[in-house]
Amino acid sequence: MTEAAARYVRPYGDTTGDGMVQMSFTLPVPHGPRADGAALRLAAKMGLDPAMVVHSHPIGGEFTFFVVYGSVTHLVDLAEVEVVEREFPLLSPAEVNAEVKRLLRRKLVVVGACIGTDAHTVGIDAILNIKGFAGEKGLEYYRELRVINLGAQVTVPELVRRARAEKADAVLVSQVVTQRDAHLLNTREMAAAFREAMGERRPLLVAGGPRFDPRMAEELGVDRVFGRGTTPGEVASYLVHALARRGEVC
Amino acid sequence: MSLLGLDPELVAKARRLAARAAAPVIDLARAHTTVSVERATLRLAGITGADTAHRAGDVPWVNRVVDTVREHCGLEHGAALPVFHALAEHNLGSLTELAEATAAGQVRYRLPTGRDRTRAARTARTAIARGIRTLDRNRTQRDRLIAKLGDPPQRPWIYLIVATGDIDEDVVQAGNAARAGADVIAVIRSTGQSLLDYVPEGATHHGFAGTYATQENFRIMRAALDEVSREVGRYVRLTNYASGLCMPEIAVLAGLQRLDMMLNDSMYGILFRDINPVRTFVDQRFSRQVHARAGIIINTGEDNYLTTADAVEAAHTVTVSQLLNEHFAHEAGLADWQLGLGHAFEINPDIPDSFRLELAHALLARELFPDAPLKWMPPTKHMTGNVFRGYLLDGFFNLAGALTGQGILLVGMMTEAVVTPFLSDRDLALENVRYVLGAAGNLREDFRPAPDGLIVKRAHQVLGEAVDLLERIVDRGLLRAIAEGTFGLMRRPEDGGKGADGVVAKADGYCNPAIDLLEAES
Chain A
1 MTEAAARYVR
11 PYGDTTGDGM
21 VQMSFTLPVP
31 HGPRADGAAL
41 RLAAKMGLDP
51 AMVVHSHPIG
61 GEFTFFVVYG
71 SVTHLVDLAE
81 VEVVEREFPL
91 LSPAEVNAEV
101 KRLLRRKLVV
111 VGACIGTDAH
121 TVGIDAILNI
131 KGFAGEKGLE
141 YYRELRVINL
151 GAQVTVPELV
161 RRARAEKADA
171 VLVSQVVTQR
181 DAHLLNTREM
191 AAAFREAMGE
201 RRPLLVAGGP
211 RFDPRMAEEL
221 GVDRVFGRGT
231 TPGEVASYLV
241 HALARRGEVC
Chain B
1 MSLLGLDPEL
11 VAKARRLAAR
21 AAAPVIDLAR
31 AHTTVSVERA
41 TLRLAGITGA
51 DTAHRAGDVP
61 WVNRVVDTVR
71 EHCGLEHGAA
81 LPVFHALAEH
91 NLGSLTELAE
101 ATAAGQVRYR
111 LPTGRDRTRA
121 ARTARTAIAR
131 GIRTLDRNRT
141 QRDRLIAKLG
151 DPPQRPWIYL
161 IVATGDIDED
171 VVQAGNAARA
181 GADVIAVIRS
191 TGQSLLDYVP
201 EGATHHGFAG
211 TYATQENFRI
221 MRAALDEVSR
231 EVGRYVRLTN
241 YASGLCMPEI
251 AVLAGLQRLD
261 MMLNDSMYGI
271 LFRDINPVRT
281 FVDQRFSRQV
291 HARAGIIINT
301 GEDNYLTTAD
311 AVEAAHTVTV
321 SQLLNEHFAH
331 EAGLADWQLG
341 LGHAFEINPD
351 IPDSFRLELA
361 HALLARELFP
371 DAPLKWMPPT
381 KHMTGNVFRG
391 YLLDGFFNLA
401 GALTGQGILL
411 VGMMTEAVVT
421 PFLSDRDLAL
431 ENVRYVLGAA
441 GNLREDFRPA
451 PDGLIVKRAH
461 QVLGEAVDLL
471 ERIVDRGLLR
481 AIAEGTFGLM
491 RRPEDGGKGA
501 DGVVAKADGY
511 CNPAIDLLEA
521 ES
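Sequences listed follow chains A and B, in order. Residue numbers are given in UniProt numbering: position 135 of the first sequence equals residue 135, and the series is strictly consecutive. Residue numbers are given in UniProt numbering: position 224 of the second sequence equals residue 224, and the series is strictly consecutive.
The shape of chain A in the complex, shown without the other chains (with noise of 0.2 Å):
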């Protein structure tokens, strides 16, 4: 494969460059010719060609569902692509134990909370509970953590209070629910409260959910935002590395 190949990429079907997709929609028009020539003109909108509409049938009167396949003209560019990267190594728990152990030679207090009306404890849930997620124990398996979930509903000022109560080195909150950006206006709003609260003796500040994009957190008001997918040990090593961070910073 010649390096120009590895930087530009297409989607693969069967065949190396082939560009082929597979996409299901539903658009507001009745089942029939007219429906199909509707998505086919969407598909190639959407770069799609050629496009082949595979599938599709009514749902109700007013409604066509489609199942389109096609190849796309478009291609991705990996120089232009931007994520971010981990910027902490990630540590198993005896080596986070060990760590906090060495750096406040006390226990690392995290206090976790689903605020506002999300009422979905799943996330918070799967990084503390020791049951954990994706096969890793959540942080209360730590030894040297000590983990107060509050759980869910939690206002904003309850948050503050027992984070201060408990002299919390870290503050988590998991959102879920996104509708007009619930998860976002609460998150800043926290951020916000802790910041006129405490100032810079503030905790650190975690926010995570399926809908959060990591880079957001600066505009958020926050430490660090975690996505989808993520582990008790990577928040566990985060908070590790930026307690470390801190103590040099101070």
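Source of the hints: derived by calculation from the structure; they are not laboratory data. Some clues are possibly wrong.
Claimed, not checked - Per label pair, the in silico range of CB-to-CB distance:
id, chain 1, residue 1, chain 2, residue 2, range
1, B, G46, A, P33, 49 to 59 Å
2, A, S24, B, A203, 26 to 36 Å
3, B, D197, A, P33, 49 to 59 Å
4, B, D446, A, A44, 46 to 56 Å
5, B, R448, A, A98, 49 to 59 Å
6, B, L10, A, V54, 48 to 58 Å
7, A, R162, B, N442, 52 to 62 Å
8, B, N91, A, A197, 50 to 60 Å
9, B, F388, A, D213, 23 to 33 Å
10, B, R448, A, E189, 50 to 60 Å
11, A, D77, B, G385, 23 to 33 Å
12, A, R162, B, E76, 28 to 38 Å
13, A, G229, B, A203, 37 to 47 Å
14, B, E484, A, K107, 19 to 29 Å
Claimed, not checked - Here are a few chain B residues that sit away from chain A, every Cβ distance over 12 Å (derived from the structure):
id, residue
15, H72
16, A101
17, Q106
18, A121
19, Q461
20, K506
Where is the CB? At the ideal position from N, CA and C, for every residue including glycine.
Use these hints to put chain B onto chain A, whose structure you have.
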């Protein structure tokens, strides 16, 4: 006929233990009232509407009245006596007028005595009895519609959720879902409603991840489904949520608007919404008495345990909760046909024999509660965003439902955990259900798990673990077991949680004609 060969003596023991575990909690529920029970009582007596002039936004009249009664003379004797005494004293025609006068600061509530008391109790009873007659009329009307239009042709009934936030949009989606085969439509509530200590008023168009439960929204959706029912030739049922801080009031509103099923779990609010345990048990009992009277099928929430705890390790906690829910339900007057006891297909699909384990758990529930329309919940925890794998998982879930005779099957969405379902997701999901139920047909009659096979052994093991856990709960007390995180791994102390300040110990001479009338029946 029994496929698992459960020991009847062990099953009877499990029920006895559940009754013993529940007894102190029932006593507690009888000894207390809550702001929401008192509001529900006044709603039965006919109070409606909201104070639109209040600075905090629309405050339901019933909240104004009950809060003021509490401030003036406390709620330990119930709201009915002070309210109906004030109505007579001020010579007002309706509770709404009384509420307006209350908001204007013109009413001083007090506990009547002697003949005043007798008179207030009588007029309260008459007004509340009128509300209960509406529940009865709606129940008769439902029976009539079912007789005319018919029940779904198959079991399980196909249960589908709509949740747009806008009741008008919900009506469109619900109609489409019913035409595509849904037998039960659930309008999921707006996130956060469970923690509101009032029921919003009117038609609503802006919910978060769901639509507010209001009396008007209930009415709009039921009317729309009545129309669709006639069109599709079967009675399409409507579900909402009698849970959260306003559980008793929502139960009343559901009865008044002929809803057919309500999510209603004895411990869900405590565990997953951090609502005070005493508040929950008091509200629970009243709401179930209302459901019993209104002929509503309740759906319990055991599926939720498995989303937080491991579905294999915690399988027996589901059984324990089902037994407790059954006992609390019977005590409140619900019949077996009204018990949509919950459970779910949440075992990690990567573990070996996961499908056989699911069958074991599903069959155990089926045989423990032969006359209950079990509510079978689809996978959510192991839906990863790989919609293709999710679609397959939902197919296996549907097959398990068909094979083990579940009563109500909640349709799984392949886009679970990704987006709120697209129109097409619902359509594809229903196609999945139709295919599996059609292809499997009456496969259930051929399904005979080997007597010494994994399925039978696993079911026996789970029942055994459930009995052990019930014994520990009886020893320690149910409230302490909850505080220690026995269910769903949530630790909820008795004095913690939201809504605790709305609990009031009843005084001698507490008067609530609604409870008297509901209990007289059961």
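Q. Okay, which hints does this one fail, numbers in order?
A. The structure breaks none of the hints.
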